[in-house]
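> Sequence:
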Amino acid sequence: MHNAGMLMVYLPRERMLIEADSWTPPALVGDVPGGVANLVHFYEAVQRLQLDVDQVVPIHGRLTTFDEVKQAVQTHGKTQLWTN
Numbered sequence: 001m002h003n004a005g006m007l008m009v010y011l012p013r014e015r016m017l018i019e020a021d022s023w024t025p026p027a028l029v030g031d032v033p034g035g036v037a038n039l040v041h042f043y044e045a046v047q048r049l050q051l052d053v054d055q056v057v058p059i060h061g062r063l064t065t066f067d068e069v070k071q072a073v074q075t076h077g078k079t080q081l082w083t084n
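Going by my numbering, the final residue of the sequence shown carries number 84, and the count climbs one at a time with no gaps.
No lab work stands behind these hints, which were simulated from the structure alone. Built from N, CA and C at the ideal position, the CB exists for glycine as well. Worth double-checking, as some hints may not be accurate.
[Unchecked claim] Label pairs and their calculated CB-CB ranges:
| id | residue 1 | residue 2 | range |
| --- | --- | --- | --- |
| 1 | Gln50 | Gln74 | 13 to 21 Å |
| 2 | Gly61 | Glu14 | 13 to 21 Å |
| 3 | Val32 | Pro12 | 14 to 22 Å |
| 4 | Leu28 | Gln50 | 24 to 32 Å |
Given only the sequences and the hints, what does the whole structure look like? Please build it.
Here is the structure:
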């Protein structure tokens with residue numbers, strides 16, 4: 001979504017996903033995250049690929065969980081979807 005050349009690194013044994021710009025967690029849990037359109041696309045890609053993710057390591061921002069990603073999509077994603 002952000003760039004066709006963007007990569008994610010999935011570490012299955014650790015259940016960890018390393019990414020940049022798809023999920024920018026807010027400084028405080030519960031605040032509105034940045035880049036919601038990228039977040040929804042990221043969440044849907046992880047679901048489609050059936051990755052078993054526990055921790056998300058964003059290159060920008062703090063260590064977070066995939067549960068927090070899911071909560072952010074459920075709270076903010078429906079109101080800020082992009083159109084093509």
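> Evaluate each hint against the coordinates.
Results of checking the hints against the structure:
no., hint, result
1, Gln50 / Gln74: 13 to 21 Å, "holds, 19 Å"
2, Gly61 / Glu14: 13 to 21 Å, "holds, 19 Å"
3, Val32 / Pro12: 14 to 22 Å, "violated, 31 Å"
4, Leu28 / Gln50: 24 to 32 Å, "holds, 31 Å"
Checked against the numbered hints listed earlier, the structure breaks hint 3 alone; every other hint is satisfied.
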